[in-house]
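*Asks:* Sequence:
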Amino acid sequence: MNNPLPKESITRNSVLNVRHKELGSTLDGETWNGMPIPWSYHTDVNDEVVAVRTRAGLYDVTGLNIVNVTGPAALKIIDKLVTIDVTKLEPGTSRLAGEVNEEGALVDDIMVICDDKEHYRLSHGSGATQQTLAELAKGEDVTVEQDYDVHILSLQGPRSIDILDPELDFELAELPYFKHINTTLFGREVVIARGGYSGERGYEVYCSAADAVYLWDMILEKGQPYGCIPASWDSLDLTRVEAALLFFPFDMPEGDTTPWEVNMDWCVDLDKPGDYIGKEAVLKLKGRERFKQIGLECMTNQAVDVGAKLFIDGKEVGLVTSSSYSQYLMKSIAMAHIKPQYSQLGTAVTIDSDKPVKANIVNMPFYDPMRMRTHPK
Numbered sequence: 000m001n002n003p004l005p006k007e008s009i010t011r012n013s014v015l016n017v018r019h020k021e022l023g024s025t026l027d028g029e030t031w032n033g034m035p036i037p038w039s040y041h042t043d044v045n046d047e048v049v050a051v052r053t054r055a056g057l058y059d060v061t062g063l064n065i066v067n068v069t070g071p072a073a074l075k076i077i078d079k080l081v082t083i084d085v086t087k088l089e090p091g092t093s094r095l096a097g098e099v100n101e102e103g104a105l106v107d108d109i110m111v112i113c114d115d116k117e118h119y120r121l122s123h124g125s126g127a128t129q130q131t132l133a134e135l136a137k138g139e140d141v142t143v144e145q146d147y148d149v150h151i152l153s154l155q156g157p158r159s160i161d162i163l164d165p166e167l168d169f170e171l172a173e174l175p176y177f178k179h180i181n182t183t184l185f186g187r188e189v190v191i192a193r194g195g196y197s198g199e200r201g202y203e204v205y206c207s208a209a210d211a212v213y214l215w216d217m218i219l220e221k222g223q224p225y226g227c228i229p230a231s232w233d234s235l236d237l238t239r240v241e242a243a244l245l246f247f248p249f250d251m252p253e254g255d256t257t258p259w260e261v262n263m264d265w266c267v268d269l270d271k272p273g274d275y276i277g278k279e280a281v282l283k284l285k286g287r288e289r290f291k292q293i294g295l296e297c298m299t300n301q302a303v304d305v306g307a308k309l310f311i312d313g314k315e316v317g318l319v320t321s322s323s324y325s326q327y328l329m330k331s332i333a334m335a336h337i338k339p340q341y342s343q344l345g346t347a348v349t350i351d352s353d354k355p356v357k358a359n360i361v362n363m364p365f366y367d368p369m370r371m372r373t374h375p376k
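Residue numbers are given in numbering that gives the first Met the number 0: position 159 of the sequence shown equals residue 158, and the series is strictly consecutive.
By construction, these hints were calculated from the structure, which means they are not laboratory data.
A quick note: this is a predicted structure, and the numbers were derived from the prediction, not measured.
From the three backbone atoms N, C-alpha and C, an ideal C-beta is built for every residue, glycine too.
Each hint should be verified, as a subset may be incorrect.
[What the hints assert, rightly or not] With a cut-off of at most 27 angstroms between alpha-carbon atoms, the simulated DSS-like pairs for lysine-lysine come out as follows: (1) K291 <-> K314; (2) K285 <-> K87; (3) K79 <-> K178; (4) K291 <-> K271; (5) K116 <-> K79.
[As the list claims (entries may be wrong)] Label pairs and their in silico Cβ distance ranges: (6) D115 <-> T53: 34 to 40 angstroms; (7) T53 <-> I180: 24 to 30 angstroms; (8) A208 <-> T42: 23 to 29 angstroms.
Given these sequences and hints, build the entire structure.
*Replies:* Here it is in structure tokens:
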């Protein structure tokens, strides 16, 4: 993901760029959502993964798009946008949702954040959300605005709770997954949400641009005794592949991927009473999957090529969508799409490359298969 793009592609910047440069990021690689991303630091990416898995790592994930949808018609238009029943969301909660087009194909994945029944925030990546929202909002009593001020600091790892809890006026341990609360942190107004993209216990700190550098510095200062370090996006990509978390649109390369084909059944409410874009099409496509999302353990000491084709007995049966060599797990792993009839656990495949690689279909996630790290009992 580090192919340089022209400067004209940059439309916004994180105020934390000053810190990223101090940490060794050039910020001249691939942008995401118009923002330069700190793909790497001077530190070893594998050391960053170890920190996130055993202590804590601090990420700047301001590259996400945050869209405020407010007004009497806010609930109505968001419910038309996504595949989940938004009417069931209570203030202070959030939920991941799919967004499909009229053909039932995924065009974005979204975190729908409910502050109250007339105030929502949509956190999304590089999909079609804002264009579709603009169409749905026409003639409705609703305001749709991207928040260019908000910055998002993501503290991930088992010691994240130890770092933040002493600084808060509530018991952080009592904040459930996918819940958020307005509070103050180091004297600054923030929203703290429990979640993340690393497969670890973690928290997102939503703050203003004016407070972002101060909060970044304070979290790292208070986190130093716990072994907390800044973590780059390359390490975030490694941890999310280990945790088998999808990245739109990279894990949906066909362009017309349905939720059922990438194990996103949980993002479609089959009993949703309200209508939404693509509802009839996506429901009809259930059970008609052209391929399935699978995990592969690869017999090599490096990451296999994304986009590499899968073969069984010389027949092309799928392709790799995400991959990494996980030094933490000491194995080469990949997520892939494969024709349904070949998706059984233990199936052996050959990955096409300069030197063909043998691989076997295994359970996902590769790390913490019971998701006990993010959802401890």
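*Asks:* Against this structure, judge whether each hint is valid.
*Replies:* Hints versus structure:
{"no.": "1", "hint": "K291 <-> K314", "verdict": "holds (17 angstroms)"}
{"no.": "2", "hint": "K285 <-> K87", "verdict": "holds (23 angstroms)"}
{"no.": "3", "hint": "K79 <-> K178", "verdict": "holds (23 angstroms)"}
{"no.": "4", "hint": "K291 <-> K271", "verdict": "holds (24 angstroms)"}
{"no.": "5", "hint": "K116 <-> K79", "verdict": "holds (15 angstroms)"}
{"no.": "6", "hint": "D115 <-> T53: 34 to 40 angstroms", "verdict": "holds (38 angstroms)"}
{"no.": "7", "hint": "T53 <-> I180: 24 to 30 angstroms", "verdict": "holds (27 angstroms)"}
{"no.": "8", "hint": "A208 <-> T42: 23 to 29 angstroms", "verdict": "holds (25 angstroms)"}
Every hint from the earlier list agrees with this structure, and none is contradicted.
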